[in-house]
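With chain A held as given, fit chain B onto it using these hints.
For the protein sequence lines, the chains are A and B, in the order given.
Here the first sequence stands for residues 523 to 635, numbered as in the working numbering.
Here the second sequence stands for residues 1016 to 1131, numbered as in the working numbering.
If you are wondering where the hints come from, they were derived from the structure by calculation, not from laboratory data.
A portion of the hints provided could be inaccurate.
[What the hints assert, rightly or not] With the C-beta cut set under 10 angstroms, the calculated list includes, among others, these residues of chain B facing chain A:
#1 Ser-1024
#2 Gln-1026
#3 Phe-1076
#4 Gly-1123
Nothing here was measured: the structure is a model prediction, and the numbers come from that model.
Virtual Cβ for every residue (Gly too), placed ideally from N, Cα, C.
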Amino acid sequence: AQSVTQPDARVTVSEGASLQLRCKYSYFGTPYLFWYVQYPRQGLQLLLKYYPGDPVVQGVNGFEAEFSKSNSSFHLRKASVHWSDWAVYFCAVSMSNYNVLYFGSGTKLTVEP
Amino acid sequence: GPKVLQIPSHQIIDMGQMVTLNCDPVSNHLYFYWYKQILGQQMEFLVNFYNGKVMEKSKLFKDQFSVERPDGSYFTLKIQPTALEDSAVYFCASSPHWGSSAETLYFGSGTRLTVL
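The following block holds chain A by itself, in its conformation from the complex:
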């Protein structure tokens, strides 16, 4: 069965520092992988998505993620974090061309000045 694990419930980084949020997935077949962000009092917004192809995908606001089949991972990265990145980040997996998403439990990112 498909599942997603985000091992870090909370991450704190300094503004300007680099960021990596971890995501491990379990899926039999070719996964479609997503990162969503939820800012305070807002709905989830899609940051980026991976469809089979180039393992490094670019998203909005300088985010990128790298798919690794050997590690069953889809970690999110950003070179320089901004205070406005303070939010909760969710990793998700779905079957191809199918809207049911299987989410991780989320990572709450705090940005220190």
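Chain B alone, transformed into the frame defined by chain A:
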């Protein structure tokens, strides 16, 4: 951009009573979804809905749950009767397409349901 609205953001109800969670989807969308997130756990799929019918539901969608979208208005999730384990944040989502990429899926900000 397009927004899915969920009002109120928090509902408190006594166990055994009925509750209806309201979702105002994006106006031209045809496919609707509910997800449930218990505090500290994953957001989990409950149900999707199209053309007045439930298309798919998970094992979390108990017999006490029902969904409808009467006359193209709010998409609702009704729980009757409520149980303590129904306490969670419920997220609504809508999409214009079926089987399309998730970039067309829009989520609301969630309604936190507390069952006492």
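Outcome of the hint check:
| no. | hint | in the structure |
| --- | --- | --- |
| 1 | Ser-1024 | 7 angstroms, holds |
| 2 | Gln-1026 | 16 angstroms, violated |
| 3 | Phe-1076 | 12 angstroms, violated |
| 4 | Gly-1123 | 5 angstroms, holds |
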